[in-house]
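The listed protein sequences correspond, in order, to chains A and B.
Under UniProt numbering, residues 1 to 351 are what the first sequence spells out, in order.
Under UniProt numbering, residues 1 to 351 are what the second sequence spells out, in order.
To be clear, the hints were calculated from the coordinates, so they are not data collected in a lab.
Hints should not be assumed to be uniformly reliable.
In this list, chains with the same sequence are indistinguishable; a pair is considered to hold if it fits within one copy or across any two.
[To be verified] Using 27 Å as the maximum straight-line C-alpha spacing, the simulated DSS-like pairs for lysine-lysine come out as follows:
no., residue 1, residue 2
1, Lys57, Lys252
2, Lys175, Lys311
3, Lys175, Lys239
4, Lys221, Lys205
5, Lys205, Lys181
6, Lys205, Lys64
7, Lys181, Lys144
8, Lys263, Lys57
9, Lys269, Lys57
10, Lys57, Lys241
11, Lys175, Lys144
12, Lys57, Lys239
13, Lys239, Lys351
14, Lys175, Lys156
15, Lys263, Lys311
16, Lys175, Lys208
17, Lys252, Lys263
18, Lys69, Lys175
19, Lys221, Lys175
20, Lys259, Lys311
21, Lys125, Lys103
22, Lys116, Lys91
23, Lys259, Lys144
24, Lys103, Lys252
25, Lys2, Lys221
26, Lys263, Lys208
27, Lys144, Lys125
Computed from a prediction, not measured in an experiment: that's the story for all the values here.
There are 2 protein chains.
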Amino acid sequence: MKHNEITSFLNDHHADAAWITTPLNVYYLTGYLSEPHERLFSLLITKDGEETLFCPKMEVQEAKNAGFKGNIVGYLDTESAFDLIEQRTYKTFAIESEHLSVKRLREIEHAFNVEKILDIDQVLKDLRNVKTTDEINTLHEAAKYADLAIQAGVEKLTEGITEIEVLNHIETTMKQHGISKMSFDTMVLFGDHAAAPHGTPGDRKLQKDEYVLFDLGVIYKGYCSDITRTIPFGNPSDKAKEIYNIVLDANKQAIAMIKPGAKISDCDKVARDIISNAGYGDFFPHRLGHGLGLSVHEFPDISSSNQDEFKEGMVLTVEPGIYVPDVAGVRIEDDIVVTQEGHKILTGYEK
Amino acid sequence: MKHNEITSFLNDHHADAAWITTPLNVYYLTGYLSEPHERLFSLLITKDGEETLFCPKMEVQEAKNAGFKGNIVGYLDTESAFDLIEQRTYKTFAIESEHLSVKRLREIEHAFNVEKILDIDQVLKDLRNVKTTDEINTLHEAAKYADLAIQAGVEKLTEGITEIEVLNHIETTMKQHGISKMSFDTMVLFGDHAAAPHGTPGDRKLQKDEYVLFDLGVIYKGYCSDITRTIPFGNPSDKAKEIYNIVLDANKQAIAMIKPGAKISDCDKVARDIISNAGYGDFFPHRLGHGLGLSVHEFPDISSSNQDEFKEGMVLTVEPGIYVPDVAGVRIEDDIVVTQEGHKILTGYEK
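Bound conformation, chain A alone (with noise of 0.2 Å):
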């Protein structure tokens, strides 16, 4: 099925070949997930269908052990790849642009005598961005960890406690339920460091009546889990218990408005008209959310720029944030799915 969809693409724009290198592309389509760091590692798939990995020479068993059915070209450090296949010619060739090199471009025009490059980026961000049952399933089961991950988090809080050590407590307890990685780096974020939106945990303590913003996800069986939670400590100020009730407010009434058919650019405009109409817009720098599967950012982008429509099967996180200066940063999040019907959060802590 993913593969019809490469193909027809080929012939419909009558390119001789596609050449997938993305490492989670290549992982979608092959069962084979690989980090090749500076390596050469593509799936070469022609207008035919016949697929021909590329990888090194050492990771060729673990390829066919993953199921992957087609040639594989391994090579060994020493060697070009190029070198290892008989002369071909794919005169219109489909690339992917945004991750393509300019280097290794050259290389491929060289080595299969491409006269024209076509971009195939949107075809595989098409596939990936519907999901499967299957795949839901999986994505639900991290979003379950990504909230045991935050409740492990919040019983750690306790007066003079910093910020690494509530996030090492928190990776430790998801180690022990198996979780080997996480999906990006933990944040843990007290009170005003939560003000700077990527900010990076430190050895900042936990002071009483402050908020505590988490901002976390798990990788599980390949696919991503994200959620942020801001928790009071204690009793905060006003002024910080006013935008957190802007920001709920603005994450509930965005993920209300999800389903089959809705334009995307509106699910961020419901957020930040509300943001903005509380006079905090421009303290939401940032877009409402991303699709999330076998990437932690991935298609669809939820942001006012993207005019294209909710489908069902759709994974995605609605994430509105406020941000002043020297008082407080929060930021709430929940990963959605679009359903036939309208959709469902899957994360599940209480906000």
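Once you have looked at the hints, place chain B on chain A.
Same frame as chain A, but now just chain B:
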């Protein structure tokens, strides 16, 4: 100093500006580390030395806090960063061709009226290739934590334990020592499972009289370590022990020849000849090692195709291995710094 090398390169090559996009290279030059995901994050350096960082608006303050003193263009997710600056023309433009994507190149060519592209990759590699005393001290600390991690793993070995359980114990122990991030996915592989050089730890249970392969590293103050030890649990077969001793000999002899002026390809050859002469040449499918620094795989490449010489201040791994399917996999890896007189081994765990 670093910046002078770049402006000198630009002036020597009659180039108007450079566009640095590898996040670790931006960090190296600005002191600000960011993981931009798909967002634009670049440092523009003109031939006159003017620097402009392009980053998401919500990271502007963090970049300043990190000590960056140049111009900053902070953009919202809904904006194009190039629309926020006055029209500029950089006819000859230097890029990191191994990192910059084809799509971004098209955007830049348009935004800056570029007519000619130059590659600046090698300038950055050469800069990062030779470490300062401070960098070497930090890498030494990172290596000591890697030793500690191996020790934690070895102490946990007991019949019937799984690879994942040992792995979790190692990473939990590291967190207790304040290490929040490993430099890559920790590898713990038992017996014949280690015969896949890039295998994934799983539920394989430890049996008596087999080898355990640990490959791991930590990130300490941004710098990476990378160590492999293959440790006997009980009394492995004579065949496995024979393989171990060949690899150990290759590791030691290759390290012994490292000094300023020695050829890097010869270092690979020393190890490869020992393994080939013992009849295992086909079972050593990867290069001997790689550079180590802010990235766990960086310049120099320690392989038969690298005709460069070792220079004082380089830090690298030496990691010969033999992988015989269904029999055993052995790899022994150390981190080495090239000193004025020869070399110093940073990793200390017994071999």
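For each hint, the structure was consulted:
no. : hint             : verdict
1   : Lys57 to Lys252  : between (50 Å within a copy, 25 Å between copies)
2   : Lys175 to Lys311 : neither (35 Å within a copy, 41 Å between copies)
3   : Lys175 to Lys239 : neither (37 Å within a copy, 36 Å between copies)
4   : Lys221 to Lys205 : between (35 Å within a copy, 20 Å between copies)
5   : Lys205 to Lys181 : both (26 Å within a copy, 21 Å between copies)
6   : Lys205 to Lys64  : between (50 Å within a copy, 23 Å between copies)
7   : Lys181 to Lys144 : both (15 Å within a copy, 23 Å between copies)
8   : Lys263 to Lys57  : between (46 Å within a copy, 25 Å between copies)
9   : Lys269 to Lys57  : between (50 Å within a copy, 19 Å between copies)
10  : Lys57 to Lys241  : between (57 Å within a copy, 25 Å between copies)
11  : Lys175 to Lys144 : both (15 Å within a copy, 24 Å between copies)
12  : Lys57 to Lys239  : between (60 Å within a copy, 24 Å between copies)
13  : Lys239 to Lys351 : within (18 Å within a copy, 60 Å between copies)
14  : Lys175 to Lys156 : both (16 Å within a copy, 16 Å between copies)
15  : Lys263 to Lys311 : within (10 Å within a copy, 58 Å between copies)
16  : Lys175 to Lys208 : between (29 Å within a copy, 26 Å between copies)
17  : Lys252 to Lys263 : within (17 Å within a copy, 63 Å between copies)
18  : Lys69 to Lys175  : neither (33 Å within a copy, 40 Å between copies)
19  : Lys221 to Lys175 : both (14 Å within a copy, 23 Å between copies)
20  : Lys259 to Lys311 : within (7 Å within a copy, 61 Å between copies)
21  : Lys125 to Lys103 : both (23 Å within a copy, 15 Å between copies)
22  : Lys116 to Lys91  : both (6 Å within a copy, 25 Å between copies)
23  : Lys259 to Lys144 : within (22 Å within a copy, 53 Å between copies)
24  : Lys103 to Lys252 : neither (46 Å within a copy, 36 Å between copies)
25  : Lys2 to Lys221   : within (20 Å within a copy, 42 Å between copies)
26  : Lys263 to Lys208 : neither (42 Å within a copy, 61 Å between copies)
27  : Lys144 to Lys125 : within (25 Å within a copy, 43 Å between copies)
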